[in-house]
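Go ahead and model the full structure; you've got the sequences and the hints to work with.
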Amino acid sequence: MLALRIKDKQMGYFFILPAALMLLAVIIYPAIYSLKLSFTSESEALYSLTNYAELFRDALFWQAFRNTLVFVGVVVTLHLVIGFSIAMALNTRIKARLLFRLIVLLPWTVPDVVAGITWKWIYDPVYGALNDLLSRLNLIDAPILWLSDPKLAMASIIFADIWRGFPFVMLILLSGLQAIPRELYEAAKIDRASGFQSFRYITLPSLKKIVGVALALDIIWEFRRFGLVQTMTQGGPGHQTEVFSTLIYKEYFQFFRFEYASAIAVIMSIILLSLSLPYIWMISKE
Amino acid sequence: MRALGIQQQQTIKISLVYFFLVLVSIFVFFPFVWMFLTSLKTNPEALRIPPTWVPQKLTFEAYIAIWTRKPFGTYFMNSVMIASCTAAISTFLGALAGYGFSRFIFRGKTLLLGAFLATQMLPGGLLIGPYFKILARIGLFNTRTGLIIAFITICLPFSTWMLKGFFDTIPPELDQAAMIDGCSRIGAFRRVLLPVAKPGMVATVLFAFLLAWGDVLWALCLTSTHEMSTVTLGILRFVGEFQVYWPMLMAGSIIGSVPAIILYIMLQKFLITGLTAGAVKG
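Heads up: the sequence lines are chains A and B, in that order. Taking the working numbering, the leading residue of the first sequence gets -2, the next gets one more, and so forth. Taking the working numbering, the leading residue of the second sequence gets 942, the next gets one more, and so forth.
Worth flagging that the hints you see were computed from the coordinates, not collected in a lab. Just so you know, not all the hints are guaranteed correct.
[Claimed, not checked] Subject to a maximum C-alpha distance of 25 Å in a straight line, what follows is the list of computed SDA-like cross-link-like pairs (lysine to any residue):
| hint | chain 1 | residue 1 | chain 2 | residue 2 |
| --- | --- | --- | --- | --- |
| 1 | B | Lys1210 | A | Arg94 |
| 2 | A | Lys92 | B | Ser966 |
| 3 | B | Lys1139 | A | Met19 |
| 4 | B | Lys1050 | A | Tyr10 |
| 5 | B | Lys998 | A | Ala126 |
| 6 | A | Lys92 | B | Val965 |
| 7 | B | Lys1139 | B | Phe1045 |
| 8 | B | Lys1050 | A | Pro15 |
| 9 | A | Lys205 | B | Thr1051 |
| 10 | B | Lys1050 | A | Pro275 |
| 11 | B | Lys1074 | A | Ile267 |
| 12 | A | Lys205 | B | Asp1109 |
| 13 | B | Lys1210 | A | Gly209 |
| 14 | A | Lys206 | B | Ser1043 |
| 15 | A | Lys247 | B | Glu1182 |
| 16 | B | Lys998 | A | Leu130 |
| 17 | A | Lys33 | B | Ala1077 |
| 18 | A | Lys186 | A | Thr200 |
| 19 | A | Lys247 | B | Val1185 |
| 20 | B | Lys1050 | A | Ser273 |
| 21 | A | Lys186 | A | Leu174 |
| 22 | A | Lys186 | B | Lys954 |
| 23 | B | Lys1210 | A | Ala93 |
| 24 | B | Lys1050 | A | Ala28 |
| 25 | B | Lys1050 | A | Leu14 |
| 26 | B | Lys954 | A | Gln175 |
| 27 | B | Lys1074 | A | Tyr44 |
| 28 | A | Lys148 | A | Thr74 |
| 29 | A | Lys33 | B | Leu1076 |
| 30 | B | Lys1210 | A | Asn88 |
| 31 | A | Lys33 | A | Leu52 |
| 32 | B | Lys954 | A | Glu180 |
| 33 | A | Lys247 | B | Thr1166 |
| 34 | A | Lys206 | B | Thr1060 |
[What the hints assert, rightly or not] Here chain A is said to cover these stretches of chain B; the calculated rule only asks that three of the stretch's residues, wherever they fall, bring their Cβ under 8 Å from a Cβ of chain A:
| hint | stretch |
| --- | --- |
| 35 | 985 to 999 |
| 36 | 1065 to 1074 |
| 37 | 1085 to 1094 |
Cβ atoms here follow ideal geometry from the backbone N, Cα and C, with glycine treated the same way.
Here it is, written out as structure tokens:
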């Protein structure tokens, strides 16, 4: 029995080894490569901080930084609000619940490039559906330049991304709601708690952890959103919708400044890792 | 009298819920409807001012054109092959590792699990540069194999995590029973645990497939010809062309979405349990 247990302990490593080796080769090694790259520059022979020094003086970097924060902040907040309202609606005992759940999840199955291109077409100032709809309703006189007006571009992209991304948050919150035992609500009813009270004292506290999970995952996804922005504006007009992922792509494959692009990517990774650290810590210590 | 009041209240509440869900459904369907209607128009009709909503002349010419005038067939086959291989490899390795994390206590486990999760947080932007250089050096740039390797970076950490959650829901007594009956650890895993975890495996395969199917960053950076392009990349390149043919683009978008939607509708039960198995239980 003891022999079996020792052997079993080693088996743990045995099962994990293939995946661990794979991750080492396909993620850790390239990540270190990129880190090294970010400390090299053409003018200097040894490692240097040139790229990072340049980065902190680069107005474009800071603009991408701000844009990413705005994009992620607004999108994730609205995903949560909309996702939560819909999850609450789907958690009632209505007959068409499953049908609505199916419908509501559809945007999430579409590749983000497809979402981007479809919304770009809806937003088209001349031939698009949105301006036509608004002018038929007599809400606008002149076509609105949804994606080429610098003031509107970010909002338009955010709106499209809300459409694409809320189902995922909704799905996680719905499963959290369904995991709350019905007896709790029945007990509250017997104690004559109002609907609001049972929401405040049963629903919200039970959901605390799952909301954390949903937020963390959504922040991580939206932080690296690329296809949607690339199809809709490619970061334009000017750099009004430039986010980290599109900026890194440009530095790599349009300006071919690999070292500089790596430095931006390293900063982005540090932000992402520190944002997700509480989440990683929470779920891996269980 | 009072009972009736509660009944009425209930009716009002349910009508409000329906009203809200119908509004949401309209919001959800609107882009799909516009996409579909455009794909059935001729190119001149798509560029009419003001736009027509229901096509005056229904035509499938856009659907034919993307297969004949554009290499959409190639894109489609590439996407299917790449996404399937990625899903198979990362589910297989993820099942092994997920089982390992679920069943064994060993030194450094928390750290290792944390490291698995942390690799998932690294953005593609950090890895594309090195991939570009490394793949070129070993002759895998602009190949399907290269893309499969790249997609494993997105899918494997997630698969491991999802399957760990699944194995956690299966009582360890099941493994012990199989081992008492004479199975080795690997035998117990293969003959007893894998069949029981089938819904989880299905969910993971599907999710990895959808992740790989939906990507465009990697395909954009690691391929250079039409022969190796995926559906999403084909669509992205198509937008950048001098003259955009919207009916064709919308037809391509529908073709690019349909496999994912069908898979999802068929397997949605598994997907929902699988995605939330790890997240909900704590």
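Just to be careful, I want the Cα atoms of Lys1074/B and Tyr44/A compared with a cutoff of 25 Å; is the pair within it? Answer holds: Lys1074/B to Tyr44/A is near 19 Å, not above 25 Å.
Mind checking the alpha carbons of Lys186/A and Lys954/B for me, to see if they're no more than 25 Å apart? Since the Cα atoms of Lys186/A and Lys954/B sit roughly 17 Å apart, the hinted pair holds (cutoff 25 Å).
Pair hint Lys1050/B and Pro15/A, alpha-carbon separation not exceeding 25 Å: Answer holds: Lys1050/B to Pro15/A is near 15 Å, not above 25 Å.
Given the proposed pairing of Lys1210/B with Asn88/A, does the C-alpha separation stay at or below 25 Å? holds, 16 Å
Hinted pair Lys92/A and Val965/B, Cα distance within 25 Å: This hinted pair holds, its Cα atoms lying about 17 Å apart.
Hint check: Lys1210/B vs Arg94/A, CA-CA at most 25 Å. Holds or violated? Answer holds: Lys1210/B to Arg94/A is near 14 Å, not above 25 Å.
Taking 25 Å as the top limit, are the C-alpha atoms of Lys1050/B and Tyr10/A close enough? Judged against 25 Å, a Cα distance of about 9 Å means the pair holds.
Would you mind confirming whether the straight-line C-alpha gap from Lys1074/B to Ile267/A stays at or under 25 Å? Satisfied, since the Cα-Cα distance of roughly 23 Å is no more than 25 Å.
Pair hint outcome, Lys1050/B versus Ala28/A [Cα-Cα no greater than 25 Å]: holds, 22 Å
Are the Cα atoms of Lys1139/B and Met19/A separated by 25 Å or less? holds, 23 Å
Does the structure keep Lys206/A and Ser1043/B at a Cα separation of 25 Å or less? holds, 21 Å
Agreement of Lys186/A and Thr200/A with the hint, judged by alpha carbon distance not exceeding 25 Å: holds, 14 Å
Hint check: no violations occur; every hint is consistent with the structure.
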